[in-house]
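Residue strings, one per chain:
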Amino acid sequence: MRIVVNADRCTGCETCVASCPFTAIVMTTSGKAFINEYCQICRACLSVCPEGAIIEVVEEGGQPPVSGRQPSACKGVWVFAEQRDGRVASIAYELLGIGRGLADERRAELSAVLFGAPESEALELIRWGADRVFISDDPGLEGFNDEPYSKMLSLLIEEHRPEIVLAGATPTGRSFIPRVAARLRTGLTADCTSLEIDSETGNLLQIRPAFGGNIMATILCPNSRPQMATVRPRVMKRGQYNKDRKGEIINVSGHGLSSRTRVIETIKEVSDLTVNLQEADIIVSGGRGLGGPEGFELLAELAEVLGGAIGASRAAVDEGWIPYCHQVGQTGKTVCPRLYIACGISGAVQHLVGMQSSDIIIAINKNPEAPIFNIATYGIVGDVYKVVPILIRKIREIKE
Amino acid sequence: MVNVIVCIKQVPDTAEVRINPETNTLIRDGVPSIINPYDMHAIEAGLQIRDNIGGRVTVITMGPPQAESALRDAISMGCDDAVLLTDRAFAGSDTLATSYTLSRAISKIGADIIICGKQAIDGDTAQVGPEIAEFLNIPHVSYVRKIEDIKADSIRVQRLMDESYDIVESSIPVLLTVVKELNEPRLPSLRGKIASKKAEIKKWTSSDIEADADRIGLRGSPTQVKNIFAPGPRKERKTLEGTVEQQVEALIQELRSLKCV
Ligand SMILES: Cc1cc2nc3c(=O)[nH]c(=O)nc-3n(C[C@H](O)[C@H](O)[C@H](O)COP(=O)(O)OP(=O)(O)OC[C@H]3O[C@@H](n4cnc5c(N)ncnc54)[C@H](O)[C@@H]3O)c2cc1C
Ligand SMILES: Nc1ncnc2c1ncn2[C@@H]1O[C@H](COP(=O)(O)O)[C@@H](O)[C@H]1O
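Residue numbers (this note's numbering), protein chains in the order written: chain A, -10 to 389; chain B, 52 to 312.
No lab work stands behind these hints: they were computed from the structure. Hints are not guaranteed to be accurate.
Here are the simulated distance ranges between beta carbons [unchecked claim]:
#1 Val252/A with Ile104/B: 56 to 64 Å
#2 Asp(-3)/A with Asp204/B: 25 to 33 Å
#3 Glu286/A with Asp64/B: 29 to 37 Å
#4 Ser120/B with Glu237/A: 41 to 49 Å
#5 Glu108/A with Glu296/B: 38 to 46 Å
Within a straight-line C-alpha distance of at most 27 Å, the following computed DSSO-like cross-link-like pairs (lysine-lysine) qualify [what the hints assert, rightly or not]:
#6 Lys64/A with Lys235/A
#7 Lys64/A with Lys277/B
#8 Lys310/B with Lys226/A
If you only want the chain A side, here are some residues facing chain B, beta carbon under 10 Å, derived [unchecked claim]:
#9 Phe11
#10 Pro107
#11 Leu130
#12 Asn134
#13 Arg172
#14 Thr175
#15 Cys210
#16 Ser213
#17 Lys232
#18 Gly309
#19 Asp348
#20 Ile351
For glycine and all other residues, C-beta sits at the position ideal for the given N, C-alpha and C.
Let's have the full structure, built from the sequences with the hints guiding it.
The structure is reproduced here in structure tokens:
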């Protein structure tokens, strides 16, 4: 399949050029539109051409099979259960939540893969919805090294041939899962925010933001297996916890996994303020509008009365007012708290993509035109240094 | 002496891409093309390694003919060589096909250290770097925020994780993906600008890298974009009225009813 411009009908109006998300349409010297190598066959341009000059052509040989497993031979949904310091991370439970639904729809089993954690943690995975847990305490999986992780997971997948494999879009998942996909020569969709089964074909519809969250795309992996995706943390809901749920635990060994990288030391980022942003229910976030580091002291007070954590825009981080680990947005963390309070943040798209799925958003900004108000549930136009102290005082009053 | 290869991608400046919710098409009027911002840090890292211990820095990109301008920009910053992988047969490549294609070119050039950006801002996938490493059968370290030491056959770096960073040692050859904390990209020098005008950019097609026709472009891409659409509209919005004091009061009442305070 290919998208081409029928040069005889093209009038050179350039309407299509702007419609392409991949900058794949250019004007040639002869004044005709031309679709180049960047084309991803997204079909966005097909409907915009007033002349109907853009068409889809099927090339000789049709849609060729890519390597990887043939769809019919594969069954089951797998999730990679990440752990931190031997405890299952919350993303794993979120993956079990969505994975359970997908497995039920495919009438298949849900399995989890757990490296470097005790059996008690595997039991938790079963109570949260897994039918089967593959667990390995191979010494090669101590510390996070991409090669042994990807090798071990690939071996398990090749042996058991699941249809779908999910992992967290966390630093760990996004670093080693691509190696697994490359090893298996199958497709991988990054950072999905929604997953569904196409009722007609049974394929996995993988929905994700692209272009800094400005557009959403649905991605398919129709002809090879497994269908692999990393899933954004804090987006999927956990399933039902059932302490009596039973399942199978399978111990697997790695037969001497080797690694050419070695983690020498792990250093926790220190900060005086509460950082655990991705787990926080309430986040108070500050931007350049705070005017200086002292603004974060005020926000820390508000966070304290609310029992929340502190976030920041990149501008505030770049100014050196607060460490990078607090940054929310495209190049920082994605958060999804119940309540997000943005103080002195203008609402650039790169910031919004990191927080716009929060349940309630409050914006405090002195510029009524600031784009943050477009996505805020409640907006207060005013100076942070006037509004926030009143807010703190009133919440304290209630608490007393 | 090290051979460094930096993989760069030309991307639209995403901050300016919008979708028209009525027609579901993109509004991208006048959006400029730039070198992917993370790749600027990758270039800088490559140049610093060369400047410190000697060697060559080659930039490569897979893209349409106009991506040549991104390579010239990289040369103006000080890169020594540039290769453009361009061929109609590469069209429609997803990350798997892109990494395969780049890995073929890297094998042909030969490298000790390969540097990629953490992710490209158009797709935000962050997959191409680790996939290249797998195809080349070499180790990789993601999210490098500091290069601590380079020896003849090993390298020690800091890898940025969620709430911590790791000190990781790897053998060489290795592939690194880098984050912006790593460095501040330099501006082009006058000499660089002159060099970039004169530089000969190598242009390679699929046959130059002896690529397997089934593994490139659309044929080699297991994933497909089914459709694109505008993000859903935001839930209800409520306005607050009165003086700041009254607005805060109203807000707190709302928060109480939602059990946030
Ligand atoms: C590739 C790329 C990645 C990026 N990644 C991120 C990211 O991850 N996260 C991120 O946040 N940004 C990111 N950015 C930057 C982003 O584009 C914006 O520049 C940034 O978010 C702006 O931060 P800000 O809202 O704090 O500052 P500004 O845009 O300067 O806004 C400050 C706001 O404060 C208001 N204000 C001023 N004084 C007061 C006062 N006393 N009381 C109340 N309001 C006041 C002003 O009206 C203004 O709206 C990225 C940019 C690029 C190009
Ligand atoms: N077409 C390409 N040509 C060269 N390098 C690329 C290309 N696509 C991606 N890369 C490299 O891979 C990194 C990650 O890209 P991505 O996986 O698309 O997010 C980028 O920062 C580049 O260093």
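### Query
Is Lys64/A within 27 Å of Lys277/B, Cα to Cα?
Distance of about 23 Å is within 27 Å: holds.
### Query
Holds or violated: is the Cβ of Asn134/A closer than 10 Å to a Cβ in chain B?
Check passed: Cβ of Asn134/A comes within 8 Å of chain B, closer than 10 Å.
### Closest C-beta approach of Asp348/A to chain B relative to 10 Å, hint status
8 Å, holds
### Task
May I ask you to test the hint 56 to 64 Å on the CB atoms belonging to Val252/A and Ile104/B?
Violated - the Cβ-Cβ distance for Val252/A and Ile104/B, about 25 Å, lies outside 56 to 64 Å.
### Message
Using the nearest Cβ pair, does Leu130/A come within less than 10 Å of chain B?
### Response
Violated, because the Cβ-Cβ distance from Leu130/A to chain B comes to roughly 15 Å (cut-off 10 Å).
### Task
Evaluate the given range 38 to 46 Å for the C-beta pair formed by Glu108/A and Glu296/B.
At 57 Å between Cβs, range violated.
### Message
Thr175/A was flagged as interface toward chain B. Is the shortest Cβ-Cβ separation under 10 Å?
### Response
5 Å, holds
### Task
May I ask you to test the interface hint for Gly309/A with respect to chain B, counting a Cβ-Cβ separation under 10 Å as satisfied?
Given a least distance of 12 Å, the restraint on Gly309/A is violated.
### Message
Next item in the hint list is Pro107/A. Is there a CB on chain B closer than 10 Å to its CB?
### Response
22 Å, violated
### Per-residue hint verdict: Lys232/A, partner chain B, C-beta under 10 Å
27 Å, violated
### Query
Does Phe11/A pass the interface check with chain B, least Cβ-Cβ distance below 10 Å?
Since the shortest Cβ distance to chain B is 7 Å, the answer is holds.
### Message
Run the distance test for Lys64/A versus Lys235/A: straight-line Cα separation, threshold 27 Å.
### Response
21 Å, holds
Hint violations for this structure: numbers 1, 2, 4, 5, 10, 11, 17 and 18, all remaining hints satisfied.
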